[in-house]
Amino acid sequence: MTEGSIAAKAPSAVLLSIPAAPELLGLTRVTAAAVASRYGFTFDDIEDLRLAVDELCFSLVGSEPREGRLQVAFAVTDSTLVVEAWREGVEDGAAQQGYGNELSEAVLDALVDDHGTEVGEKGIRVWLRRRSRSGS
Amino acid sequence: MDAMMEASFTLEEHEGVPVLSVTGEIDVYAAPALREQLVDLAAGEPDLVVVDLEKVSFLDSTGLGVLVSALKRLRSSGGDLALVARESPVLRVMAITGLTETFRISDTVAEAVAGRPESR
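Keeping their order, the protein sequence lines are chains A and B.
Counting in the numbering used here, the first sequence runs from 239 upward without gaps.
Counting in the numbering used here, the second sequence runs from 7 upward without gaps.
Don't take every hint at face value.
Covered stretches of chain B (in silico footprint by chain A; criterion: 3 or more residues with CB under 8 Å from a CB of chain A, positions within the stretch not fixed) [claimed, not checked]:
(1) 31–44
(2) 62–74
(3) 91–101
FRET-style restraints, in silico, Cβ to Cβ [stated by the list, open to error]:
(4) A:259 with B:22: 29 to 35 Å
(5) A:249 with B:11: 44 to 50 Å
(6) A:317 with B:107: 32 to 38 Å
(7) A:275 with B:101: 32 to 38 Å
(8) A:343 with B:113: 47 to 53 Å
(9) A:261 with B:49: 23 to 29 Å
(10) B:15 with A:307: 47 to 53 Å
(11) B:46 with A:250: 21 to 27 Å
If you're looking for bench data, these hints aren't it; they were derived computationally from the structure.
Note that CB positions come from ideal geometry on N, CA and C, so glycine has one too.
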């Protein structure tokens, strides 16, 4: 199992499916905050995760509406939130395009313990892992 | 917490300095509106533009990019951009990207305006 498939396959995973549109990325932040809060992440953790998940999903959508739907899976295991995102319902090759940039990458590097990108036949999957700083 | 607070902008003048007050969340969706406001302001080649971010509850890399572009644009014409961000989440993202040294950041609008460069 790759890092990126953990969140989507976890029994307790929360799955968000939205049109791949910039105006809806706020929903990914709200969901990240809700899941992290439910599992006891601190306020600072939650603020970091809102930003990190926003940057993660931005890398798949960019600044314009895209074809298909943005799928985001959230799962918490051992005080670590794993988030995985990908686009579905797009033509072959269309989901291979990423929209992240240097600044976005720097923000992700600073906020999470680990993050990555996997490119497969169905397109790009991006993921992040962030352990709760509360030590719980 | 206001889950998805759309951005809004208010433009006022303090001692002749344009002050753009921003409220809400600046993400990839709201960033173009902020860019438009700042491009319009920079077109007048002012000595200083102040952007008050105290009521900004979220700022991502696209919002940061807009601010950096505005700073470059203003400085290229001899002006400057000052930010007001005392305890907002803006400071966090500025710090982790190393941009706190790039911008002049003040606690209040009055301080930001007081630090204006000498008139050209």
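**OP:** Could you see if the CB distance from residue 46 of chain B to residue 250 of chain A stays within 21 to 27 Å?
**Re:** violated, 48 Å
Original post:
Would you say the C-beta atoms of residue 259 of chain A and residue 22 of chain B sit inside 29 to 35 Å of each other?
Top reply: violated, 41 Å
**OP:** Verify the coverage statement for the segment 31–44 of chain B against chain A, using a C-beta to C-beta distance below 8 Å and requiring 3 or more qualifying residues.
**Re:** holds (count 6)
Subject >> CB-CB spacing for residue 113 of chain B and residue 343 of chain A relative to the 47 to 53 Å hint >> reply: Since residue 343 of chain A and residue 113 of chain B have Cβ atoms about 30 Å apart, the given range 47 to 53 Å is violated.
Subject >> Range hint 44 to 50 Å (beta carbons of residue 249 of chain A and residue 11 of chain B) holds or violated >> reply: At 34 Å between Cβs, range violated.
Original post:
Is it true that residue 15 of chain B and residue 307 of chain A lie within 47 to 53 Å of each other by Cβ?
Top reply: Check failed, 31 Å falls outside 47 to 53 Å.
Original post:
Do three or more residues from the segment 91–101 of chain B put their C-beta atoms closer than 8 Å to C-beta atoms of chain A?
Top reply: holds (count 3)
**OP:** Tell me if chain A covers the segment 62–74 of chain B under the three-residue, 8 Å CB rule, please?
**Re:** This one holds; 6 residues, not fewer than the three required, reach chain A with a Cβ under 8 Å.
**OP:** Take a look at whether the Cβ-Cβ distance between residue 317 of chain A and residue 107 of chain B falls inside 32 to 38 Å.
**Re:** About 34 Å separates the Cβ atoms of residue 317 of chain A and residue 107 of chain B, which means 32 to 38 Å holds.
Subject >> Beta-carbon spacing of residue 275 of chain A to residue 101 of chain B - inside the hinted bounds 32 to 38 Å or not >> reply: violated, 23 Å
**OP:** Could you see if the CB distance from residue 261 of chain A to residue 49 of chain B stays within 23 to 29 Å?
**Re:** Once the Cβ atoms are compared, 27 Å apart, the range 23 to 29 Å for residue 49 of chain B and residue 261 of chain A holds.
When the structure is compared with the earlier hints, violations turn up for hints 4, 5, 7, 8, 10, 11 and for no others.
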